[in-house]
Amino acid sequence: AVQREDFLVEVNGVKGDTQLMLHQVSASGQLRLRFCHPLILEIPLQKQNDTFGLEITHHSSSNSLIIQKLHKGSPADQWNKVNPDFEVLPGDFIVQVNGCEGKAEDLLGMLQ
Numbered sequence: 001a002v003q004r005e006d007f008l009v010e011v012n013g014v015k016g017d018t019q020l021m022l023h024q025v026s027a028s029g030q031l032r033l034r035f036c037h038p039l040i041l042e043i044p045l046q047k048q049n050d051t052f053g054l055e056i057t058h059h060s061s062s063n064s065l066i067i068q069k070l071h072k073g074s075p076a077d078q079w080n081k082v083n084p085d086f087e088v089l090p091g092d093f094i095v096q097v098n099g100c101e102g103k104a105e106d107l108l109g110m111l112q
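Here the UniProt record's numbering is used: position 39 in the sequence shown is 39, and no number is missing along the way.
Hints should not be assumed to be uniformly reliable.
In silico lysine-lysine, DSBU-like type, Cα no more than 35 Å apart, as pairs [unchecked claim]:
(1) Lys69 <-> Lys47
(2) Lys103 <-> Lys69
(3) Lys15 <-> Lys47
(4) Lys69 <-> Lys81
(5) Lys15 <-> Lys103
(6) Lys47 <-> Lys72
(7) Lys72 <-> Lys15
(8) Lys47 <-> Lys81
(9) Lys47 <-> Lys103
(10) Lys15 <-> Lys69
(11) Lys81 <-> Lys103
(12) Lys81 <-> Lys15
(13) Lys103 <-> Lys72
With beta-carbon atoms standing in for the labels, derived distance ranges [to be verified]:
(14) Ser62 <-> Gly99: 13 to 23 Å
(15) Met110 <-> Gly13: 29 to 39 Å
(16) Ala27 <-> Gly109: 15 to 25 Å
(17) Val2 <-> Leu89: 21 to 31 Å
(18) Lys103 <-> Lys69: 14 to 24 Å
(19) Met110 <-> Arg32: 13 to 23 Å
(20) Gln78 <-> Arg32: 38 to 48 Å
(21) His71 <-> Gln3: 31 to 41 Å
(22) Ala27 <-> Lys72: 38 to 48 Å
These are computed hints drawn from the structure, not numbers from a lab.
Yeah, the Cβ is synthetic: ideal placement off N, Cα and C, and Gly gets one too.
Start from the sequences and build out the full structure, keeping to the hints where you can.
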């Protein structure tokens, strides 16, 4: 069963691009949806040189941010080296910053 925290990750074979996925929803008479139930991790990161070393994107109506890239040597990269079983990876979602949930724009503002 689909649960509240689940993410829609694919629509009719289209994944990774929210706009294309939305187009599939409106253009197709039949939908094949794939959801992902997340493993939720709380990861403490400290900025280094005023950055976490993450490239992030989001959809304006979303309640999460999407990690696109981690920079080598960044706090996120260092976390991954120490915690190989709980790596932060491109495609992961950020749903909370410092205990606060909200719109993607607000989350992004908290990270800057």
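Comparing the hints with the structure gives:
This hinted pair checks out: Lys69 and Lys47 have alpha carbons roughly 16 Å apart, not beyond 35 Å. A C-alpha spacing of about 21 Å is found between Lys103 and Lys69, which places the hinted pair at or below 35 Å, so the restraint holds. Restraint check for Lys15 and Lys47: satisfied, since their Cα atoms lie roughly 31 Å apart, inside the 35 Å limit. Note on Lys69 and Lys81: the hinted pairing holds, with a Cα-Cα distance of about 16 Å set against a maximum of 35 Å.
Distance check on the hinted pair: Lys15 and Lys103 sit about 22 Å apart at the alpha-carbon level, within 35 Å; holds. For the hint pairing Lys47 with Lys72, the CA-to-CA distance comes to about 14 Å; that is within 35 Å, so the pair holds. For the given pair, Lys72 sits about 26 Å from Lys15 by alpha-carbon distance, which is consistent with the 35 Å threshold. As the CA atoms of Lys47 and Lys81 are separated by approximately 17 Å, the hinted pair is consistent with the 35 Å bound.
For the hint pairing Lys47 with Lys103, the CA-to-CA distance comes to about 22 Å; that is within 35 Å, so the pair holds. With a C-alpha separation of about 17 Å, the suggested pair Lys15 and Lys69 falls inside the 35 Å cut-off, and the hint holds. Simply put, Lys81 and Lys103 have alpha-carbon atoms about 30 Å apart, close enough for the 35 Å limit, and the pair holds. This hinted pair checks out: Lys81 and Lys15 have alpha carbons roughly 28 Å apart, not beyond 35 Å.
Distance hint between Lys103 and Lys72 is fulfilled; the C-alpha atoms sit about 28 Å from each other, no more than 35 Å. Restraint check, Ser62 to Gly99: a C-beta distance of roughly 19 Å satisfies the suggested window 13 to 23 Å. Taken as a hint, the range 29 to 39 Å holds for the pair Met110 and Gly13, whose Cβ atoms sit roughly 35 Å apart. In this structure the supplied range 15 to 25 Å is violated for Ala27 paired with Gly109, their Cβ-Cβ distance being about 34 Å.
At roughly 23 Å, the beta carbons of Val2 and Leu89 sit within the given window of 21 to 31 Å. The hinted range of 14 to 24 Å is satisfied by Lys103 and Lys69, whose Cβ atoms lie roughly 22 Å apart. Between Met110 and Arg32 the beta carbons are some 36 Å apart, a value that contradicts the proposed interval 13 to 23 Å. In this structure, Gln78 and Arg32 meet the distance hint of 38 to 48 Å, their C-beta atoms being roughly 39 Å apart.
For the hinted restraint 31 to 41 Å between His71 and Gln3, the CB-CB distance of approximately 33 Å keeps it satisfied. Between Ala27 and Lys72 the beta carbons are some 40 Å apart, a value that agrees with the proposed interval 38 to 48 Å.
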